[in-house]
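S.K.: Below are the chains, spelled out letter by letter.
There are 2 protein chains.
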Amino acid sequence: MQEEKEILALNAFDRSKVSAMDAALRDAVERRLRSFGSASVLFYQEPIRMERAEGVWMFDAEGRRYLDLYNNVPSVGHSHPRVVEAIRRQAGRLNTHTRYLNDVVDSYAERLLATFPADIDHLVLTCTGSEANDLALRIAKVATGGAGFVVTETAYHGNTAAVTDVSPSARPGQPLPPHVRIVPAPEMFRAPIGDLGKRFAESVGGAITDLEQSGIGFAGLLVDTIFSSDGIYADPPGFLAPVVKLVHERQGLFIADEVQPGFGRTGAALWGFARHGVVPDIVTMGKPMGNGFPVGGVATRAALLDRFAAETKYFNTFGGNPVAAAAGLAVLDVIGDEGLIENARKIGGYVMNGLREIGNRHIQIGDVRGSGLFIGLELVRDRDAKTPAPEIASQLINRLRHRGILVGAAGPYGNTLKIRPPLCFTKDNADMFIAACDEVLREICPT
Amino acid sequence: MQEEKEILALNAFDRSKVSAMDAALRDAVERRLRSFGSASVLFYQEPIRMERAEGVWMFDAEGRRYLDLYNNVPSVGHSHPRVVEAIRRQAGRLNTHTRYLNDVVDSYAERLLATFPADIDHLVLTCTGSEANDLALRIAKVATGGAGFVVTETAYHGNTAAVTDVSPSARPGQPLPPHVRIVPAPEMFRAPIGDLGKRFAESVGGAITDLEQSGIGFAGLLVDTIFSSDGIYADPPGFLAPVVKLVHERQGLFIADEVQPGFGRTGAALWGFARHGVVPDIVTMGKPMGNGFPVGGVATRAALLDRFAAETKYFNTFGGNPVAAAAGLAVLDVIGDEGLIENARKIGGYVMNGLREIGNRHIQIGDVRGSGLFIGLELVRDRDAKTPAPEIASQLINRLRHRGILVGAAGPYGNTLKIRPPLCFTKDNADMFIAACDEVLREICPT
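So the protein sequences, as listed, match chains A and B.
To convert, note that position 189 of the first sequence is 189 in our numbering; the numbers rise steadily by one, no gaps.
So the number in our numbering is just where the residue sits in the second sequence, counting from 1, plus 447.
Hints are not guaranteed to be accurate.
[Said to hold, decoys possible] A few chain A positions that, by computed beta-carbon distances, are all more than 10 Å from chain B: (1) Leu123; (2) Asp134; (3) Arg171; (4) Pro177; (5) Arg190; (6) Ala191; (7) Arg356; (8) Gly359; (9) Asp382; (10) Asn398.
[As the list claims (entries may be wrong)] Heads up, simulated BS3-like pairs for lysine-lysine below, C-alpha to C-alpha not over 30 Å straight-line: (11) A:Lys313 / B:Lys833; (12) A:Lys17 / B:Lys833; (13) A:Lys313 / A:Lys386; (14) B:Lys793 / B:Lys833; (15) B:Lys464 / A:Lys313; (16) A:Lys386 / B:Lys760.
Rather than coming from a laboratory, the hints here were simulated on the basis of the structure.
All of these numbers come straight from a predicted model, not from anything done at the bench.
Backbone N, C-alpha and C define an ideal beta-carbon position, used for all residues, glycine too.
All chains, please: the whole structure from these sequences, using the hints.
M.R.: Given below as structure tokens:
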């Protein structure tokens, strides 16, 4: 419990330290707290007054620049001119709900659906990934008659009441709701035993049996296909295949949460599930979909949608409005035209190699893993014992911030750096980051 | 049951009628259905291919114009140049989450909070009204320890799983969830007996007792302060005061859903609850807040937020990003600078007088009611028996559409025209609408 609380505070601003700040920053923090109070979440021991951003760079109120390796929403680059222009143009033309026909909305739906396996041919547009996952849970319940879901133990899937229930990382210290079962994340760093796919399928199988025996019934397995909040687990490609087969045998649905890995970040394809050679029953999308314009979505099969729609009149006022669709189209255009999937693959590989290379001189680097520009750097006190070192992660994050580099942490111990820069990240950007990690680790842990 | 189904189809496109359409429209409808299937909701027996909009006017793909009396999201006028420019400017500058400090976000929070009674001094920004109500329910549950909510019988509060549970109109024919109690909407047209405020408080009191006796406990009363989906009930001002007093006596919270009446539409104040002289515990906002940019919010007291935040780590990625805040600021500016609250009051009164006046020659006009530019026109077969006439409402809506006027229906019988034009609606616009209603009613019901 105590440990959990510490982890959560890792990357976060600590309210008790306001008095140590310079006057301008203290005023800004106090101003924020006056309006947003305990619901306010701020990054860093010294929060940043951010003012503008462009490409991979963000700039604070004093003009200091920061290389962004944290933000996975502005995925094609901050303030991308093509996305901004698409938003401006459509906002000045028509911004209304989808109860009228509109070519922009239908074009976007067709473009997006064409990126999925043939089975996944229907779409519901929402405003957020949370709304998408909230809807996915209900579609799965109606389709299966079951009410139970299996998720990984440090999963995060969003912020609505229903989705918070299946997001253990958002409910620290609280008992699991009766309809939720957790399984260990599929990882080979701390438990490099046996076949990962088989092992993961076995734990999910046990959870399904438990749901069935409890009378709650099994509705589905919901996973972020790169297990971001669990600590980022991408390899070996294909490890999800056995569990998807099992889920179908047990009459449940496989829901691929692509809110984080989706839209090319893994460097292998547009969707994270593609690396595993599986076809989900439901795919949910969000964050990078509109490069910051609020838009999310659920893609699924017609039959599943029909059964849900027969019970509930679902409508989403802002969901998939023409401005969201225009932003979404611009994002798909930029990903294609700028070769961002290939860039994510190439630069992601370069970053991982570079981090592994400095790992030769820093025993605190326990593991470097990921796919494309979704990378985890796990920090340990002892590489053999693999003792998690959240305190090193915290120091690294805060010192990198002071060197003008933004990065966050993930995983159950909060000791894994979560590296997710805009997909236009370059080799030079990578060199700057790797060198800074090297230097800061030298400062923190002098040999 | 049958009746309910009919009502729901009233304003909606009927899929079985596709073959009767002209080729271009049929293609567009079939295209929409191919991507969105059974989750697609379209208006009118002949849906409209909408292309652009400006002020109170919308234009279809063939350049036909429509006077908009339906859309309450583009509340300061479609494509308002000041809002579009605010969005463009901020989207090109910085569009990120609120874990950094940012002056635009804090300025908006302060401007918005200044519009509430002093007690309501804290804010959570979300992307939609649904997310806002979803959060409000959880805040109320944590604060009271109760799990039960009281809502009106045709209420609609949004689309998440938790909010759909408290939205009877979104769950036609389904049994109420165990933690939800419904009460009749507070209205004086069909049941003009006794004191409305006292009567409404009494039914809510009965529902609270029932929740308490069932062991579920009472968390709160959630109402749209103009009862839009119930059929629009605004008068007499103050009728909510007794129920709010009662809710507090019974240790529950009063949640004012301002998603529809908020931001000046009632012509009396920025907030619908203000007409009733009450102070809510929680206020939820959405639709018109960003004039179409997806933004919503929860305003409440610090103590209530603290208790919730201690249990759940809530964060909303897109919620209140600087672009949403810039759009929200522009909306508040335009409402003030263009005197839109006063215009809603003045033109709303003019519309209601005009409709009452034509009511002298159309016995089908059973009631005209509302506040500002949120007006209900209830259609009946027989003014004395008050027999609901959804078939007349449907004909009126579809014929007005063919005359270039957009309007929708509401209420348990679907026989109440829901009149909610952009707040920049003029006397000339009103004259056009009133004359068209007069003429169409003459066509439908020749005397």
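S.K.: Measuring Cβ to Cβ, find out whether A:Arg171 lies farther than 10 Å from everything in chain B.
M.R.: The assertion about A:Arg171 is violated, with a minimum of 6 Å to chain B.
S.K.: Holds or violated: A:Lys17 and B:Lys833, Cα atoms, limit 30 Å.
M.R.: violated (66 Å)
S.K.: Checking a non-interface call: every C-beta of chain B should be farther than 10 Å from the C-beta of A:Asn398. Is that right?
M.R.: Non-interface label stands for A:Asn398: nearest chain B Cβ at 14 Å, farther than 10 Å.
S.K.: Please settle this one: A:Gly359 was flagged as non-interface, so is its CB more than 10 Å from every CB on chain B?
M.R.: Per Cβ check, A:Gly359 is outside 10 Å of chain B; nearest 29 Å; holds.
S.K.: A:Asp134: least C-beta distance to chain B exceeds 10 Å?
M.R.: violated (5 Å)
S.K.: Can we trust that A:Asp382 is non-interface, i.e. its beta-carbon lies farther than 10 Å from all of chain B?
M.R.: The assertion about A:Asp382 holds, with a minimum of 30 Å to chain B.
S.K.: So if I understand the rule, the pair passes when the alpha-carbon distance is 30 Å or less; does A:Lys313 with A:Lys386 pass?
M.R.: violated (51 Å)
S.K.: Checking one constraint from the list: CA of A:Lys386 to CA of B:Lys760, max 30 Å. Satisfied?
M.R.: Roughly 28 Å separates the two Cα atoms, so the pair holds.
S.K.: Is A:Ala191 truly not at the interface, in the sense that its beta carbon sits beyond 10 Å from all beta carbons of chain B?
M.R.: A:Ala191 is indeed farther than 10 Å from all Cβ atoms of chain B, at 27 Å.
S.K.: Over 10 Å to the closest beta carbon of chain B is the bar; see if A:Pro177 clears it.
M.R.: With a cut-off of 10 Å, A:Pro177 remains clear of chain B, as the shortest Cβ separation is near 12 Å.
S.K.: Take the C-alpha atoms of A:Lys313 and B:Lys833, compute the straight-line distance between them, and say whether it is at most 30 Å.
M.R.: Distance of about 28 Å is within 30 Å: holds.
S.K.: Minimum Cβ separation between A:Leu123 and chain B greater than 10 Å?
M.R.: violated (5 Å)
Checked against the numbered hints above, the structure breaks hints 1, 2, 3, 12, 13 and satisfies the rest.
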